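Chains as they are written, first to last, in this note's numbering: chain A, 248 to 540; chain B, 781 to 1058; chain C, 511 to 925.
Since the hints were made in silico from the structure, they are not lab data. Be aware that one or more of the hints could be misleading.
Unchecked claim - Calculated cross-link-like contacts (lysine to any residue; reagent style SDA-like; alpha-carbon spacing at most 20 Å):
id, chain 1, residue 1, chain 2, residue 2
1, A, 256, B, 878
2, C, 566, B, 878
3, B, 878, A, 456
4, C, 782, C, 861
5, C, 755, C, 765
6, A, 534, B, 883
7, A, 256, B, 961
8, C, 925, A, 313
9, C, 922, A, 490
10, C, 914, C, 765
11, B, 975, A, 456
12, A, 310, C, 924
13, C, 782, B, 1019
14, A, 346, B, 883
15, C, 547, C, 836
16, A, 535, A, 519
17, C, 755, A, 373
To be verified - Listed next, the stretches of chain A that the computed footprint assigns to chain B, with coverage defined by at least 3 CB atoms under 8 Å from CB atoms of chain B:
id, segment
18, 263-270
19, 508-516
Computed from a prediction, not measured in an experiment: that's the story for all the values here. Each residue gets a CB set at the ideal place from its N, CA and C atoms; glycine is no exception.
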Amino acid sequence: MILLTKSNKGWFALFTVPLLLVFTTVVIIPFIIGIGYSFVSWDGIPANPKVFVGLDNYIELLKDDRFLTSAWHTIEFTVLALVLVNVLGLAFSLLVTMKLRISNAARTMFFLPNLIGGLILGYIWQFIFTDVFKFLGDKTGWDSLFFNWLIHPQSALYAMVIVFTWQMAGYTMIIYIAGIQGIPDELGEAARVDGANLWQRLTKIVFPLLMPSFTICLFLTLSGAFKIFDVNLSLTKGGPNNATELFAMNIFNEIFGYGHYGLGQAKAIVFFILVAAVTLTQVIITKKKEVQY
Amino acid sequence: MNRTSRMSASTLLILLALAFLSPIYLMLVNSFKDRAELYKSALALPKSFSFQYYSKAMEKMSFATAFGNSLFITVVSVIFVVVLASMTAWMLVRTDNKLSQIIFLTFVSTMLIPFQTLMMPLMQVMDWIRGTLHIPMLNTRGGLIYMNVGFHASMAVFLYHGFIKSVPVALEEAATLDGCSKFGVFWRIVFPMLKTITITVAILDVIAMWNDYLLPSLTLSDKALRTIPLSTFYFFGEFTIQWNLAMAGLTLTIIPVVVFYMFAQKYIIKGIAAGAVK
Amino acid sequence: MLAACGNSNDNKNAGATASGSTSSSATSSATATGAEKLKKISLFQSKVEIAEPLEKLAETYKKETGNEVEVWGSAGDAYMTQLQAKLTAGEGPTIFSVGTGAEAEKFKSYYADLSNEPFAKNIAPDMALKDGDKIVGVPYGVEGFGLVYNKSMIDPKDVKDVDSLTKALEKFKADGKNGLSLSQEAYFLIGHIINTPFALQADPTGFIDKLNKGEVKMADTKEFQEFAKVMEAIRANTVNPMEVKYDSQMGDFATGKTAMVHQGNWSYGMLKDYGDLGFDIGMMALPIAGNDKIAVGVASNWVVNNKANADEIKAASAFLNWMFTSEAGKNAIVNEFKFIPAMTNIEAGDLDPLSKTVFEATKAGNTIPWALNYFPQGIIVNDLAPAAQQFFLSQDMTGEQFLKNLDAAWAKGAK
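So here's chain A without its partners, still in its complex pose (with noise of 0.2 Å):
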């Protein structure tokens, strides 16, 4: 450990303060900013009048049914995203880091799709769940499952979880990967030695010493779930009937489609903080957890 010395301190400076520099203009001084907003009643155009209204904002957001809808489905979708990347992200980790002669193509094949943006993604997807499903449900007559998905309010939070989970899983794949690279192979094979099977080396050697990657990847889909935003846009524009219209989506039609720039900033606020308890949570949780050696 470093103790923070006089000298010591200078380094600590060094080493933190440029990054800090920049991070403080680009995201703290426009947040904070963003909180005065949320006091106010504007329309968003520069050139026409703020005015100051106090909470005003924040009690209508507690009147907003459509914005506690959203909150709702939103938490639906991150919890279900949540489960399924990780899931699949683990077990496409697992599958590739086996010394299988195609594992460095299949590596790259379940990445492919992170490497398409957001919006495009939407729309590829969207065409998928409406013509291609009708085309299949025609053809194979099995019409419970080839329907068209989007325009049913249950099973377009569940295709666009699929969408999610479908570009998310490679991300978190290759930070289990990152992960399982460090675990040395001696553990392992000390393990094997002794007697443990597959599940056992798994459940008492892999994942305690992946608890760094878990930490790192429930929140990143934890995080990206929460502001989702491209893929909503472009999936199902919030339909059908705002059934899908997550957070980032109703803070963003409400600044920018209604033009009541305070309340889409007052809303964000609250939602923040109350997702920023969960998350932290979690994080402090199983970083506590995480093993240094």
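Based on the hints, put chains B and C in the right spot on chain A.
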């Protein structure tokens, strides 16, 4: 692992991977069709594999310029992120006090902020910097690089933070005893051991920045500065998309990233060839 | 490394400017020997389809006058957010476009007064964007929508009112064809078609005002009740619009599967790739409450940013003037942007059949207005569309129920 379980694992893997890639097949196949053909069947292979839409897309996008811009911005941004974030994360991990924890949690928590809420205030801040400090932050590539670093700092610090624990403190202490300054310890001992996570951060950031549409669209205005995603706007009309050009444009956009990924991932492979048989 | 730009004055290739078709600059200080050197300006507009011809036009402008116009690009949906961001950043474009109605209201404080510009007097009557008495915007052109129809499948004479329309749809369904197609995009699902009952009111803007205040209801108004009947007929007899997108809507029309689509003259562009359709097309009115006119209005306008400095404003006016009076400019507007001109000094030229119908209706004054321009901001996409989606997804919601839902949605969106 015995032979049959290998075979079945391999087969499973291949099937999964192919199913996984079917949307990409769609994207490629439709970059060769015109609207009428696409309407008739979006799944079928195209009548002809002429690259006319690719050359048309490249021309409309001013591909060479756009590519140069994207490349410059992405590479410089990623280098800064990697260098600054690794330094910051290391110092935070090794200095175990309240301040470090607070800084770390601040980084982490800002990852939850949706960009939409920062957009407008960010523009104001950049405008203020330009007006008061006379540093051009908008409509310049340097400004975009600065903002990229700011936005990707959190994630990089977060990733590095987790992996620094895999660097044995003993090595660092030994180096310090040998007379290395903090700088030396970090660059000679620690950073080389972070190779895997550095490549991972680089890959994730390259992809994010290369594909980024929103931030560059707000900060870059001139045609000569456009990155590749910005240059594809021609194909996305208000009600409809010129699918063939858009898909061709998209393919052109991701080819460099795929190449980079294939090249970079070699460095993540450790011991797959030399490792023990599981 | 820092490729700083900004509206700098150094037009490096000043050189000799071409004579001939240059226009004089807008203000009175034109030099004797051709166009004067003006400041470089930026232009930002929302219509992706004209982005390329516009860039080419800017190049022609530079060749003819030596003055530079930087054309910025934006994908349709993102235009408003980008415009707001750029204005906030003080990067505001010199010339930009705004949609008539709520959008134009929003940016009102940015409009330079164009009343005294040479081109102002050429704007067709009642088409200019006004702030009080001042002319602040120039229309792109006029656009029109209605029922675009396949002449070999249906004759306007046979659908003169709601009953005959319903019967026609039923017959098409029995024959295995699609009578009328709406599409799932908000404007194509409800935004345009609901314009007709509004436009048929004696005082559309007054009606909207009262609706905002809750003093009248759509459910109680005759034209809307007929509108609801039409929607019921569409739901019962045609392919569900929620399964249709603009691409397939026009594709089905082009291949003769659909007899009518509720669309505008812009949709002609979607038919290009299908080659010779084998039938003629036209546009007719939506026949409710005795209506026999198509809806024509101005979608977008050019405005000049009054926060730019005086030199830039001067240069902007010069460019606009050149665009509306020079051969290159007029040609671009009509033949490349494919706008139906709203300026009296521009000839209509070679228009496609749909645009021709709109143009002639406009000249004859045989139109109903675009009341939708005066709807509260965002209401079509955020409130009316979800209500319409619900209607089309449920089999038993009645027309009256639909109108009640629309009223509720309006009340919410008008807040």
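Results for each hint:
1. 256(A) <-> 878(B): Answer holds: residue 256(A) to residue 878(B) is near 14 Å, not above 20 Å.
2. 566(C) <-> 878(B): violated, 60 Å
3. 878(B) <-> 456(A): violated, 26 Å
4. 782(C) <-> 861(C): It holds: about 14 Å lies between the C-alpha atoms, which stays within 20 Å.
5. 755(C) <-> 765(C): Measuring from Cα to Cα gives roughly 15 Å; hence the hint holds.
6. 534(A) <-> 883(B): Given that 20 Å is the threshold and the Cα spacing comes to 15 Å, the pair holds.
7. 256(A) <-> 961(B): holds, 14 Å
8. 925(C) <-> 313(A): Roughly 14 Å separates the two Cα atoms, so the pair holds.
9. 922(C) <-> 490(A): holds, 17 Å
10. 914(C) <-> 765(C): Violated, at roughly 37 Å.
11. 975(B) <-> 456(A): Measuring from Cα to Cα gives roughly 18 Å; hence the hint holds.
12. 310(A) <-> 924(C): holds, 16 Å
13. 782(C) <-> 1019(B): Distance of about 16 Å is within 20 Å: holds.
14. 346(A) <-> 883(B): violated, 41 Å
15. 547(C) <-> 836(C): holds, 18 Å
16. 535(A) <-> 519(A): violated, 24 Å
17. 755(C) <-> 373(A): Holds. Residue 755(C) to residue 373(A) sits at ~11 Å (cutoff 20 Å).
18. 263-270: holds (count 6)
19. 508-516: Three-residue rule met by the segment 508-516 of chain A, so holds; n is 5.
In this structure, the earlier hints numbered 2, 3, 10, 14 and 16 are contradicted, and the remaining ones agree with it.
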